Amino acid sequence: MYRLFGIETEYGITLENAEQIDPVKESIELIKHYQCDHKFLPQWDYDGEDPFKDERGFRAKHLNNHPDEIEEEEKDKERFAEQPGRSFREIKSDRILINGARLYNDHAHPEYSTPECQNLFDLVAHDKAGERILQECAERRSEELGQRVLLYKNNTDFYGHSYGCHDNYLMAREVPFDYLKSSILPFFVTRQIFAGAGKIGIETEAGLATPGHFQLTQRADFFHVEASVDTMHKRPIVNTRDEPHADPAKYRRLHGIVGDANMSEYATALKVGTTALVIELIEQRLIPKSFAIANPIDTIKIISHDQTYRWMIQKVDGKMMSAIDHQREYLALAQKHLAHLSDETDWVLTEWEETLNALEDDPMRLTDRLDWVAKKWLLETFVESEGIEWDDLWLQSIDLEYHNINLEDGLFYGLQMQRIISDEQVHTAMHTPPLDTRAYFRGKSLNKFEDSIRTVQWDSITFDIEGKAVTVNMNSLANPEIAQKYNEALDLSPNPQALVEKLGLN
Amino acid sequence: MKDQIVYYPERKQKPAKPFEPDDGGDDNNAPKRPDVNRPDTQELLKRMRRVDKDQSRRYRQRTGE
Numbered sequence: 023m024y025r026l027f028g029i030e031t032e033y034g035i036t037l038e039n040a041e042q043i044d045p046v047k048e049s050i051e052l053i054k055h056y057q058c059d060h061k062f063l064p065q066w067d068y069d070g071e072d073p074f075k076d077e078r079g080f081r082a083k084h085l086n087n088h089p090d091e092i093e094e095e096e097k098d099k100e101r102f103a104e105q106p107g108r109s110f111r112e113i114k115s116d117r118i119l120i121n122g123a124r125l126y127n128d129h130a131h132p133e134y135s136t137p138e139c140q141n142l143f144d145l146v147a148h149d150k151a152g153e154r155i156l157q158e159c160a161e162r163r164s165e166e167l168g169q170r171v172l173l174y175k176n177n178t179d180f181y182g183h184s185y186g187c188h189d190n191y192l193m194a195r196e197v198p199f200d201y202l203k204s205s206i207l208p209f210f211v212t213r214q215i216f217a218g219a220g221k222i223g224i225e226t227e228a229g230l231a232t233p234g235h236f237q238l239t240q241r242a243d244f245f246h247v248e249a250s251v252d253t254m255h256k257r258p259i260v261n262t263r264d265e266p267h268a269d270p271a272k273y274r275r276l277h278g279i280v281g282d283a284n285m286s287e288y289a290t291a292l293k294v295g296t297t298a299l300v301i302e303l304i305e306q307r308l309i310p311k312s313f314a315i316a317n318p319i320d321t322i323k324i325i326s327h328d329q330t331y332r333w334m335i336q337k338v339d340g341k342m343m344s345a346i347d348h349q350r351e352y353l354a355l356a357q358k359h360l361a362h363l364s365d366e367t368d369w370v371l372t373e374w375e376e377t378l379n380a381l382e383d384d385p386m387r388l389t390d391r392l393d394w395v396a397k398k399w400l401l402e403t404f405v406e407s408e409g410i411e412w413d414d415l416w417l418q419s420i421d422l423e424y425h426n427i428n429l430e431d432g433l434f435y436g437l438q439m440q441r442i443i444s445d446e447q448v449h450t451a452m453h454t455p456p457l458d459t460r461a462y463f464r465g466k467s468l469n470k471f472e473d474s475i476r477t478v479q480w481d482s483i484t485f486d487i488e489g490k491a492v493t494v495n496m497n498s499l500a501n502p503e504i505a506q507k508y509n510e511a512l513d514l515s516p517n518p519q520a521l522v523e524k525l526g527l528n
Numbered sequence: 388m389k390d391q392i393v394y395y396p397e398r399k400q401k402p403a404k405p406f407e408p409d410d411g412g413d414d415n416n417a418p419k420r421p422d423v424n425r426p427d428t429q430e431l432l433k434r435m436r437r438v439d440k441d442q443s444r445r446y447r448q449r450t451g452e
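Quick mapping for you: the protein sequence lines, in order, are chains A and B. Per my numbering, the very first residue in the first sequence carries number 23; after that it's consecutive. Per my numbering, the very first residue in the second sequence carries number 388; after that it's consecutive.
Keep in mind that a hint or two might mislead.
Cβ pair distances, simulated, as ranges [stated by the list, open to error]:
1) A:Gln105 with B:Gln429: 46 to 56 Å
2) A:Pro516 with B:Arg437: 45 to 55 Å
3) B:Gln429 with A:Tyr331: 22 to 32 Å
4) B:Gln429 with A:Lys97: 40 to 50 Å
5) A:Glu104 with B:Arg437: 31 to 41 Å
6) A:Gly79 with B:Arg437: 50 to 60 Å
7) B:Gln429 with A:Asp200: 52 to 62 Å
8) A:Asp339 with B:Gln429: 47 to 57 Å
Subject to a maximum C-alpha distance of 20 Å in a straight line, what follows is the list of computed EDC-like cross-link-like pairs (lysine to aspartate or glutamate) [what the hints assert, rightly or not]:
9) A:Lys256 with A:Glu93
10) B:Lys433 with A:Asp431
11) B:Lys433 with A:Glu430
12) B:Lys440 with A:Glu430
13) A:Lys398 with B:Asp427
14) B:Lys440 with A:Glu408
15) B:Lys433 with A:Glu411
16) A:Lys398 with A:Asp413
17) B:Lys440 with A:Glu38
18) B:Lys440 with A:Asp431
19) B:Lys440 with A:Glu411
20) B:Lys433 with A:Asp414
21) B:Lys433 with A:Glu406
22) A:Lys341 with A:Asp328
23) A:Lys398 with A:Asp383
24) B:Lys440 with A:Asp413
25) A:Lys47 with A:Asp90
26) B:Lys440 with A:Glu402
27) A:Lys398 with B:Glu430
28) B:Lys440 with A:Glu406
29) A:Lys490 with A:Asp69
30) B:Lys433 with A:Glu408
31) B:Lys433 with A:Glu402
According to the in silico footprint, chain A covers these stretches of chain B (three or more CB under 8 Å from chain A) [what the hints assert, rightly or not]:
32) 428 to 437
33) 440 to 452
Quick caveat, the hints were computed from the structure, so don't treat them as lab data. The model shown is predicted, which means the values in this text are computed figures rather than measured ones. Positions of the beta carbon are idealized from the N, C-alpha and C atoms, including for glycine.
Same shape as in the complex, but just chain B (with noise of 0.2 Å):
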């Protein structure tokens, strides 16, 4: 956005390497598939309880393509 620095890197022809969340450092240009995380459920149910029970009612959109 323009109020904020904008800066160029370098530009590479290769793609930007993935994110690797177990990144040991290898030559792999893909990301690892991580263990399967569970949902801290009781943070969820604080989030979805504050959740307006009218939202859907009243959320009227157009239709777009």
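Bound-form chain A, shown alone (with noise of 0.2 Å):
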């Protein structure tokens, strides 16, 4: 889609039968079983992140924290003060893969992050590699400690705890902020029709507060701020967060974190895709005013929580008019200016408007390709064959194992939902980075010349030539051109010094 995008997961991990385990220890475990030898390299380089920097032009003082996460992190004082010699970079176990992703300890959760692709069906294919990669991790993680690992790609502990997924798109940094905001937000709130995962129950902070109630996702609960820089409590639906990871001159990156974890691959490619085509009129300044949303944070709830389906909204002149219609004017829009630029793009328009059609005339005809359709299906099924009510907490055990990643056992893979890629792309993505964006020259990289490497972020690898640190900074790459002409000249090179020879870096 001549885009670079990227979804960054936390995964939710627990094992089995367990009434407690300690988040923190299991993710390190399970990224430390990556490798069967358990041989971890602190390769990630932190100094170019800055979570607390702001695209609207100044530092955050703060970032505001669950009042549960703030006690556990003393918490973490103490059980680290238990484990002497516990660094942060052990904590993090931060990893990066020969497929150019990134594998991580956040926080407290396991944390997949694709690696950069510009094709839709390269980025489905690298978020399902995930999940296998993970599951793998668990898999041999499980056999050590004679207990299941069990993992799930959700958002939601159902008592008030969320954790993100996050659809990730490099833009144009000419694009104001303000008009960025004011163009994307409204997309945002009404998106959740067709790229929920679906939840049972109504949460906020504090637990969940009514249980029973089908909504469409996982984390319209959790939103309360229409734009910041937070992401961990009083979430925004538009962040703030200034990380490009390219040149910042040239581009933003929009950091997407209202969205839910997708099982559905067709939905991952829809939500992706249909947000990546509005961020394209959003360059070309075609996102009218009108097409905004007169309350946004409450919007998204009434949306999510709506049983009637009709999900109606009030526009900023006082118009109402339904979710569907809303994006319509949204898919109107692009089916006049990007119709034609591709096969992928031409997908993308064709199966957001049958979804839209569809959503109209009978959602429940999207059981096989959108996870709320699915998930509410499984449900109902549920609910008649077993005779329960819908506040039976037995359901919220059904939901939570939709997302359980595990082949055998989760439910959504007893799903027969379309798929969009194969089992073999999936595989190949599992340990080959997109073969046409920066992504490559990571992966590439750590392939040839894992022994060489110092350090490594998302636009720059360090190399150690001969006791010398040489970097080589990828922030130019996010131009297609200018990571072909990377990506050959690795391809050529038999060593990191021929490859910054060939690069002119020294």
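Put the two chains together into one complex, using the hints given.
The structure is reproduced here in structure tokens:
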């Protein structure tokens, strides 16, 4: 789609039948099992990261945190005091994988960040590859532990603790942030009608508020602000973290934190594909002010909770319309201005339209494509079969198990969902980076020259060449032509010395 | 993974061709939309009945991003 994008997913982790676990310890142990020999090379370079830096041109003084987490962090200090020598790097356990991805412990969750892709179906394959890689880690760890490690690609524990699945898009810095915010925010509010992963129960940060109420999304209950730099508490619909991981003079990274983790390949492709097209429209300044929604914070929850599936919203001009028609406004612009740019673009446009039509006609037509519809069908079938009430906590467990990434046990994997990629593509993505982005340079450098790599960041690699640190700055590799040049140089280089010579870096 | 044979295919600048369930060999670089599948209800019910009723009660996580 001629744009770099990627997905970062924090997984839920627990042990079978365990009443309590230490998720930090289990996440670290899980990631150690990426390799059979548990070898861990701390190669991630944290110097370039600054989650306080705000797109609006300032640096935040502090980041909000969930009250429970403030308590947990105090306990962490005691836990880590009992394990002297556990360094920050060991806690993070950051690994760079040969497919260009990043696998690490993000606070208390194993996180898989896909390599940067510019092909939608590559991205879906890499998202699924993340599931398979983590499941392999879980199986190794389970064997060592004598207890099964369970991993969930979801976004809540039903006790008010949410964790994220972020979709990221590189875009032009020249787009004024205010315009970006006012154009993408309404889209994010109504995107959930096809991108939501479904949830039984309504939560607040204090815990489960209304059991038994089926809603479209895992995450809508946790969004309270239109725009801010926060990600852990008082979450914003538009996150303003300014970390482009590319040339900051040319690029922004839209860090989309409002979405759910999707199990469905189709839903993942539609979520990212439609968002990428809307960003294209935003870059061309084609989104009118009239797309804005009157009260986005309430509306995102109202849509998610709506049992009628009419999803009525109020626009800023007072006009009422359905979320389906609101999405159609974005779709019509995309059809007018972006049709036939590529087969992939046309796939997104066709499926976007078909999905909106099906949602209007009968959402259950999408049982084999959208997560929230598949989950609703599953729950309805179970309620009917077992004669239980909708507030029975068994349904909450059914909801959770929908997201279990174990192919044998996970309920999603018992469904006959439509595939848009093959198992072979997923398997290839476990070991191979996308061939047409800078992720190839990262992944293949690691594959060819691991012993000579000192540190890695999204946009740089530092090699150790005869005791001297030589950094390849990958800032400019967001440009596909430059990425191609670098990737070709890497293919032709027998060692790092030859590579930096070919790139003219020494 | 390191314990498996790792190979890189020849690098191509064109994206890999997406999966085409009904591939008739044309040039379309996007997946087809197959017919709507209906899940096998009996097998699914068996899988769902195996789910531990208490699993979500025990499932406690820490807040993430």
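Each hint, compared with the structure:
1. Separated by about 49 Å at the C-beta atoms, Gln105 (chain A) and Gln429 (chain B) satisfy the suggested range of 46 to 56 Å.
2. Here the CB-CB span from Pro516 (chain A) to Arg437 (chain B) is close to 53 Å, well matched to the stated 45 to 55 Å.
3. The supplied range of 22 to 32 Å is met by Gln429 (chain B) and Tyr331 (chain A), whose beta-carbon atoms lie about 28 Å from each other.
4. At roughly 46 Å, the beta carbons of Gln429 (chain B) and Lys97 (chain A) sit within the given window of 40 to 50 Å.
5. As the Cβ distance of Glu104 (chain A) to Arg437 (chain B) is approximately 37 Å, the hint placing it in 31 to 41 Å holds.
6. Under the hint 50 to 60 Å, the C-beta atoms of Gly79 (chain A) and Arg437 (chain B), about 54 Å apart, fit the expected range.
7. Take Gln429 (chain B) and Asp200 (chain A): their Cβ atoms lie about 55 Å apart, and the range 52 to 62 Å holds.
8. One distance hint, 47 to 57 Å for the beta-carbon pair Asp339 (chain A) and Gln429 (chain B), holds here, with the actual separation near 52 Å.
9. Taken as a hint, the Lys256 (chain A) and Glu93 (chain A) pair is honoured in the structure, with Cα atoms around 17 Å apart against an allowance of 20 Å.
10. Distance hint between Lys433 (chain B) and Asp431 (chain A) is fulfilled; the C-alpha atoms sit about 11 Å from each other, no more than 20 Å.
11. For the suggested pair Lys433 (chain B) and Glu430 (chain A), the alpha carbons sit about 12 Å apart, so the restraint of at most 20 Å is met.
12. About 18 Å separates the Cα atoms of Lys440 (chain B) and Glu430 (chain A), which keeps this hinted pair within 20 Å; it holds.
13. At roughly 16 Å between alpha-carbon atoms, Lys398 (chain A) and Asp427 (chain B) fall within 20 Å of each other, so this suggested pair holds.
14. With a C-alpha separation of about 13 Å, the suggested pairing of Lys440 (chain B) with Glu408 (chain A) holds against the 20 Å cut-off.
15. This hinted pair checks out: Lys433 (chain B) and Glu411 (chain A) have alpha carbons roughly 19 Å apart, not beyond 20 Å.
16. Between the alpha carbons of Lys398 (chain A) and Asp413 (chain A) the distance comes to roughly 14 Å, so the proposed pair stays at or under 20 Å and holds.
17. For the hint pairing Lys440 (chain B) with Glu38 (chain A), the CA-to-CA distance comes to about 13 Å; that is within 20 Å, so the pair holds.
18. At most 20 Å may separate the alpha-carbon atoms for a hinted pair to count; Lys440 (chain B) and Asp431 (chain A) meet this at roughly 14 Å.
19. For the proposed pair Lys440 (chain B) and Glu411 (chain A), the alpha carbon gap of about 13 Å is at most 20 Å, so the pair holds.
20. Pair hint Lys433 (chain B) plus Asp414 (chain A) holds up; C-alpha atoms about 18 Å apart against a cutoff of 20 Å.
21. Between Lys433 (chain B) and Glu406 (chain A) the CA atoms are separated by roughly 14 Å; this keeps the pair inside 20 Å, and the hint holds.
22. With a C-alpha separation of about 19 Å, the suggested pairing of Lys341 (chain A) with Asp328 (chain A) holds against the 20 Å cut-off.
23. Only pairs whose Cα atoms come within 20 Å are accepted, and Lys398 (chain A) paired with Asp383 (chain A) is accepted, the gap being roughly 17 Å.
24. With a C-alpha separation of about 13 Å, the suggested pair Lys440 (chain B) and Asp413 (chain A) falls inside the 20 Å cut-off, and the hint holds.
25. A threshold of 20 Å between alpha carbons decides the hint, and for Lys47 (chain A) with Asp90 (chain A) the separation of about 18 Å falls inside it, so the pair holds.
26. Between Lys440 (chain B) and Glu402 (chain A), the direct Cα distance comes to roughly 16 Å. Compliance with the 20 Å bound is thereby established for this hinted pair.
27. Straight-line distance between C-alpha atoms of Lys398 (chain A) and Glu430 (chain B) comes to about 17 Å, which keeps the hinted pair within the 20 Å bound.
28. With a CA separation close to 17 Å, the supplied pair Lys440 (chain B) and Glu406 (chain A) stays within the 20 Å bound.
29. Distance hint between Lys490 (chain A) and Asp69 (chain A) is fulfilled; the C-alpha atoms sit about 19 Å from each other, no more than 20 Å.
30. With a C-alpha separation of about 11 Å, the suggested pair Lys433 (chain B) and Glu408 (chain A) falls inside the 20 Å cut-off, and the hint holds.
31. For the suggested pair Lys433 (chain B) and Glu402 (chain A), the alpha carbons sit about 15 Å apart, so the restraint of at most 20 Å is met.
32. A count of 8 residues in the region 428 to 437 of chain B with a Cβ less than 8 Å from any Cβ of chain A is obtained; the coverage claim is therefore met, three being the minimum.
33. Counting residues of the region 440 to 452 of chain B whose CB lies closer than 8 Å to any CB of chain A gives 13, so the stated coverage by that chain holds, three being the minimum.
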